[in-house]
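Order-wise, the sequence lines are chains W and V. So the first sequence is residues 1 to 515, counted in UniProt numbering. So the second sequence is residues 1 to 572, counted in UniProt numbering.
To be clear, the hints were calculated from the coordinates, so they are not data collected in a lab. Check the hints yourself; a few may be wrong.
What the hints assert, rightly or not - Here are the computed lysine-lysine pairs in the BS3-like style, where the Cα-Cα straight-line distance is at most 30 angstroms:
| hint | chain 1 | residue 1 | chain 2 | residue 2 |
| --- | --- | --- | --- | --- |
| 1 | W | K234 | V | K266 |
| 2 | W | K117 | V | K352 |
| 3 | W | K78 | V | K110 |
| 4 | W | K209 | V | K266 |
| 5 | V | K340 | W | K88 |
| 6 | W | K78 | V | K266 |
| 7 | V | K352 | W | K239 |
| 8 | V | K266 | W | K444 |
| 9 | V | K352 | W | K88 |
| 10 | V | K340 | W | K234 |
| 11 | W | K127 | V | K322 |
| 12 | V | K304 | W | K63 |
| 13 | W | K176 | V | K205 |
| 14 | V | K322 | W | K103 |
| 15 | W | K296 | V | K110 |
| 16 | V | K205 | W | K78 |
These numbers come from a predicted model, not from an experiment.
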Amino acid sequence: MESAASVANLAGGDEAKRGLLRTAWDFSFRVVLRYIKNSYKDDPFRTFLEACLIGFIIWYMAKRKYNIGTNEIVLTDKEIDELVDEWKPEPLVPPLTDFEREKLDRAVMIDGPNGTKVRLVSGSGTKPAVNFASYNFLGFIDSEEVGQHAIETLRKYGVGSCGPPGFYGTLDVHMKLEKQLAAFVGHSAAILYSQAFATTLSVIPCFSKRNDIIVADESVSFSVQQAISLARSKVYWYKHNDMADLERILGDVNKQLARRGKGGLPRKFIITEGMFQNTGDIAPLDELVALKHRYKFRIILDESFSFGVLGKRGAGLTDHFNVDPHEVDLLIGALCYALGASGGFCCADKDLIEHQRLSGAGYCFSASMPGILTVAASDAIQALEANPAGFLPALRENATLLRGLLERIPGLQVEGAADSPLIHIRLTPEALVRMRRSGGTWTKEDIDRVLGEMAEEAQKDGILLTPATYVDEHERILPNPSIRICVSCTHTRKEIEKCAHAIKSAVSRVTSKKR
Amino acid sequence: MGKGQRAVHTYKSSGYIEQPRDNDELLSGRKEGGLFKAAPRTSASLLKEQAAEPAPAVVAKAAAKAESPAAEAEDASQELSAVPTFILVTTYLSYLMLIVFAHMRDFLGKIFHPEEYTQLRVQNGFAPMVSDFESLWIRRLYGRIRDCFNRPITGVAGGRVSLLERFSTDFNRSFQFTGRLHNVLNLASYNYLGFAQSEGPCADKVEEALREGGITQGSTRSEAGRTMLLAETEDMVARFVGAEAALIVSMGYATNALNIPTLATKGCLIISDELNHSSLVTGARLSGASIRVFRHNNTRDLEKQLRRSIAQGQPRTHRPWKKILVVVEGLYSMEGEFCKLPEIVELRRRYKFHLFVDEAHSVGALGKRGRGICDHFGVDPREVDILMGTFTKSFGAAGGYIAGSRALIDHLRLHSHSAVYAEAMSVPVLAQVSSSMRMIMGEDRENAVLGQQKLDQLAINSRYFAQGLRDLGFMTLGDAGSPVVPLLLFNPAKIPAFSRECLRRNIAVVVVSYPATPIITGRVRFCISASHTRADLDYALEQISEIGDLLMLKFHKGVAPKALPEHAGKME
Numbered sequence: 001m002e003s004a005a006s007v008a009n010l011a012g013g014d015e016a017k018r019g020l021l022r023t024a025w026d027f028s029f030r031v032v033l034r035y036i037k038n039s040y041k042d043d044p045f046r047t048f049l050e051a052c053l054i055g056f057i058i059w060y061m062a063k064r065k066y067n068i069g070t071n072e073i074v075l076t077d078k079e080i081d082e083l084v085d086e087w088k089p090e091p092l093v094p095p096l097t098d099f100e101r102e103k104l105d106r107a108v109m110i111d112g113p114n115g116t117k118v119r120l121v122s123g124s125g126t127k128p129a130v131n132f133a134s135y136n137f138l139g140f141i142d143s144e145e146v147g148q149h150a151i152e153t154l155r156k157y158g159v160g161s162c163g164p165p166g167f168y169g170t171l172d173v174h175m176k177l178e179k180q181l182a183a184f185v186g187h188s189a190a191i192l193y194s195q196a197f198a199t200t201l202s203v204i205p206c207f208s209k210r211n212d213i214i215v216a217d218e219s220v221s222f223s224v225q226q227a228i229s230l231a232r233s234k235v236y237w238y239k240h241n242d243m244a245d246l247e248r249i250l251g252d253v254n255k256q257l258a259r260r261g262k263g264g265l266p267r268k269f270i271i272t273e274g275m276f277q278n279t280g281d282i283a284p285l286d287e288l289v290a291l292k293h294r295y296k297f298r299i300i301l302d303e304s305f306s307f308g309v310l311g312k313r314g315a316g317l318t319d320h321f322n323v324d325p326h327e328v329d330l331l332i333g334a335l336c337y338a339l340g341a342s343g344g345f346c347c348a349d350k351d352l353i354e355h356q357r358l359s360g361a362g363y364c365f366s367a368s369m370p371g372i373l374t375v376a377a378s379d380a381i382q383a384l385e386a387n388p389a390g391f392l393p394a395l396r397e398n399a400t401l402l403r404g405l406l407e408r409i410p411g412l413q414v415e416g417a418a419d420s421p422l423i424h425i426r427l428t429p430e431a432l433v434r435m436r437r438s439g440g441t442w443t444k445e446d447i448d449r450v451l452g453e454m455a456e457e458a459q460k461d462g463i464l465l466t467p468a469t470y471v472d473e474h475e476r477i478l479p480n481p482s483i484r485i486c487v488s489c490t491h492t493r494k495e496i497e498k499c500a501h502a503i504k505s506a507v508s509r510v511t512s513k514k515r
Numbered sequence: 001m002g003k004g005q006r007a008v009h010t011y012k013s014s015g016y017i018e019q020p021r022d023n024d025e026l027l028s029g030r031k032e033g034g035l036f037k038a039a040p041r042t043s044a045s046l047l048k049e050q051a052a053e054p055a056p057a058v059v060a061k062a063a064a065k066a067e068s069p070a071a072e073a074e075d076a077s078q079e080l081s082a083v084p085t086f087i088l089v090t091t092y093l094s095y096l097m098l099i100v101f102a103h104m105r106d107f108l109g110k111i112f113h114p115e116e117y118t119q120l121r122v123q124n125g126f127a128p129m130v131s132d133f134e135s136l137w138i139r140r141l142y143g144r145i146r147d148c149f150n151r152p153i154t155g156v157a158g159g160r161v162s163l164l165e166r167f168s169t170d171f172n173r174s175f176q177f178t179g180r181l182h183n184v185l186n187l188a189s190y191n192y193l194g195f196a197q198s199e200g201p202c203a204d205k206v207e208e209a210l211r212e213g214g215i216t217q218g219s220t221r222s223e224a225g226r227t228m229l230l231a232e233t234e235d236m237v238a239r240f241v242g243a244e245a246a247l248i249v250s251m252g253y254a255t256n257a258l259n260i261p262t263l264a265t266k267g268c269l270i271i272s273d274e275l276n277h278s279s280l281v282t283g284a285r286l287s288g289a290s291i292r293v294f295r296h297n298n299t300r301d302l303e304k305q306l307r308r309s310i311a312q313g314q315p316r317t318h319r320p321w322k323k324i325l326v327v328v329e330g331l332y333s334m335e336g337e338f339c340k341l342p343e344i345v346e347l348r349r350r351y352k353f354h355l356f357v358d359e360a361h362s363v364g365a366l367g368k369r370g371r372g373i374c375d376h377f378g379v380d381p382r383e384v385d386i387l388m389g390t391f392t393k394s395f396g397a398a399g400g401y402i403a404g405s406r407a408l409i410d411h412l413r414l415h416s417h418s419a420v421y422a423e424a425m426s427v428p429v430l431a432q433v434s435s436s437m438r439m440i441m442g443e444d445r446e447n448a449v450l451g452q453q454k455l456d457q458l459a460i461n462s463r464y465f466a467q468g469l470r471d472l473g474f475m476t477l478g479d480a481g482s483p484v485v486p487l488l489l490f491n492p493a494k495i496p497a498f499s500r501e502c503l504r505r506n507i508a509v510v511v512v513s514y515p516a517t518p519i520i521t522g523r524v525r526f527c528i529s530a531s532h533t534r535a536d537l538d539y540a541l542e543q544i545s546e547i548g549d550l551l552m553l554k555f556h557k558g559v560a561p562k563a564l565p566e567h568a569g570k571m572e
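With the sequences and hints as input, model every part of the structure.
Following this line, the structure appears as structure tokens:
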């Protein structure tokens, strides 16, 4: 470095300066030489390395300077003004297509409370329907007791908390719910977030950073995808629920790391969902835990849809597989689906929870959950804990019943694990081919339209169904179009049968229509 | 109302340079506060760029005016240059000492108490979840003053609030509760209009809604979460902010984080104020667009960035940007400053960018009719492409909205992550939003004047309190009329001291320091509410004055305090 500087100075200096510099140069040269001699005696390889390093630094700095200079075009003010005048930005949003307009017009509107039975706005009036679209697995959304308690809470806590948890937004009911959640799941501690989507979005980037490694299931829901992209870690995707593929990737990653040598071990995570929102499948947690220990990867499990639903007690996937919850390093759950409240939570070791209180962006920078919704979640957990038999057997029975009935409908493909209350249905490829007599291929929009019509037909029969919606252009792998059905333990046998019947007639009506 | 209040709103977007002269002393800071500030009053700018750039004519005029004694206490650059060097030096030294000490404790701790550091080491083949370097600040600096944060409360965070009394026996690692409640004056919650209530007309409306509409939807807005109540409230929000349509999101943070990715994509450019809120940064990062940052509230820097960006196009390829989104906040909550909306709107006309204004703190709190920053400056809301705001603050509810043209909202209803993937807004929150908004708009016939009274009271309270602090000799930040009043503390040791001293005197305050603020300007932030009485504010000022003496915070003590105008606390 020094030599480079003096050479540069030499070029432009006058005679006197030149003499002075030469002295300095000689002196520094002698110092460097002595250093090299000494270190060469000590460890010749190190000297070589250092020399390489210095060479690299010089090369790198020279290169960077060169690059910065070339990319920016120097323009006069007048030219810039012209460019500004010429520049035509795209409109903020593209105009709606006809199909989008149709979708907006078809959107369901509910009058009054949501729940197992709803009143749909149709035309100028309303008509009743049985709801198979809300994630109301345990029927807490229309629970009477919870509603009454909510009013009492309102009279004590008002509605908004008027601040983030750090700044006087932590209510005593938040702390109570956190304790309850940790105890119910069987983990050490819990932290509340005020929206389920934001929970995942905060927790994953809070721990997985640049240079860390994430191996994730390719069918994870959108919130997990977004969280992973926010984390900026190195990401590998394994085939949906394919443990062999996962193991192959874990082995590869570890091999790569071993080749890289010892230079700071990165954090390594397996990320998957308990019950997949996009497929209704259940992740094999027991196998995941075995892989965790074999390959030293931590597990981040998104239980947004499985919490309250799976397991003997309804405590989620760990309960379902009888796995020690501590094996899941970060367990993310939602309170807005099965519990009929709002927000989400994360269960982990106490230190990790405390870390999130300052580093979890969605916790630290957002207002805390309103008291009413917190108490609603508290009540729901209490009810579920006290009497799981009042909810879960009925839920499984209903799910199995509906699945069985749906599987018998010709032209319909039913997806999801056997007793999962989240069922995706879609038309089989054969049915689609049969429908289009003129031949030609089916675009995604066509299928979406058919599913929309099917849902509308079912609504006419008093069954509320909606096609699963996605932001198509942002999904990493867009799931096949489907109608998502959510079974609730409050559905009666009659309603389930009615639902299956409505779907059957909807399928036959849309498939017989000429296209 | 005082005449000054009117003067603020005689602002016209076209002729804002010729502001009517107003001799009301209390409001004399208005000119510097809005557009005529000699230098941005931000702490960041204080050290970096003071008088670095030549002042344009308008700014120079204002600076000259600021030298008159009446405006002296108001002028930012004077205030900041008056910071004793001693304070600056000791602040830096204190932080240096804290950090050195923290490292030393870690170093020695690892030798003598290795069992306490197992979490920070590779264990059984697993890398530590949080590295010791990452968590040094939290463990060693934040840990010392943890008692000043996350103080749990019970009940409503209104003008007064009940804290759960707690103490620590292990240096703030854990807290025990005594079971007693500590009722204190609340200068911390964003309850600007005082709508955080468990009784009164809004709470009654919420109860009614709970009885009729249940609690939540258990679904997303685009599936089975859209109710009549939601649609009606969205229409009302649109009407309130003066837009064609609005979309309601169930969480304020998510309103930004989940909607910006729909508005900008790869090939677009987001130009963001350097002090923008974390949610805006998250949204921008998720969008995949290029991000550039301009200096806080510096429209000249914004213009420079715009010219450069449009002229140079995308990096490397020099292709023109698809679109440029400029993201600013209406009221910066850590600074108490307004964005320079009229100037930005001028720039928007010239440079054709799309303007995103985050009104999280300003909607409901600013402007004569409470409609936010546009109302405050008399700018047509349609000049702003995307009006975003939250209900957490002024409306005493939760969640947020995005408002704009019908085309924008229709697009968002189908394509925004919040509408498609996030839970729909719950019923009680919607009811609180609609009832409080109706009241502010004067549409609630039974309580027609209550909303306007709250707005006026907030304006009076904010000015009274901020002026009071300045007269006492404290160094405050922010624009006149801002309900957020930050007071600079500088030295790190004064930050917890101020908070604890306030608590001892039954006042709840928020203190913030690095990394939420620049390292030098740790501060306490007061949030004024319409629910504070004159007696509350006088009590607070009196106690804060004593604390100020104790902690040597009155940097302007030499300046003679001005008498507070008589009308300040009264209604017309």
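Verification of the supplied hints:
{"no.": "1", "hint": "W/K234 / V/K266", "verdict": "holds (20 angstroms)"}
{"no.": "2", "hint": "W/K117 / V/K352", "verdict": "violated (49 angstroms)"}
{"no.": "3", "hint": "W/K78 / V/K110", "verdict": "violated (63 angstroms)"}
{"no.": "4", "hint": "W/K209 / V/K266", "verdict": "holds (22 angstroms)"}
{"no.": "5", "hint": "V/K340 / W/K88", "verdict": "holds (25 angstroms)"}
{"no.": "6", "hint": "W/K78 / V/K266", "verdict": "holds (29 angstroms)"}
{"no.": "7", "hint": "V/K352 / W/K239", "verdict": "violated (45 angstroms)"}
{"no.": "8", "hint": "V/K266 / W/K444", "verdict": "holds (24 angstroms)"}
{"no.": "9", "hint": "V/K352 / W/K88", "verdict": "holds (8 angstroms)"}
{"no.": "10", "hint": "V/K340 / W/K234", "verdict": "violated (40 angstroms)"}
{"no.": "11", "hint": "W/K127 / V/K322", "verdict": "violated (46 angstroms)"}
{"no.": "12", "hint": "V/K304 / W/K63", "verdict": "holds (28 angstroms)"}
{"no.": "13", "hint": "W/K176 / V/K205", "verdict": "holds (27 angstroms)"}
{"no.": "14", "hint": "V/K322 / W/K103", "verdict": "holds (27 angstroms)"}
{"no.": "15", "hint": "W/K296 / V/K110", "verdict": "holds (24 angstroms)"}
{"no.": "16", "hint": "V/K205 / W/K78", "verdict": "violated (60 angstroms)"}
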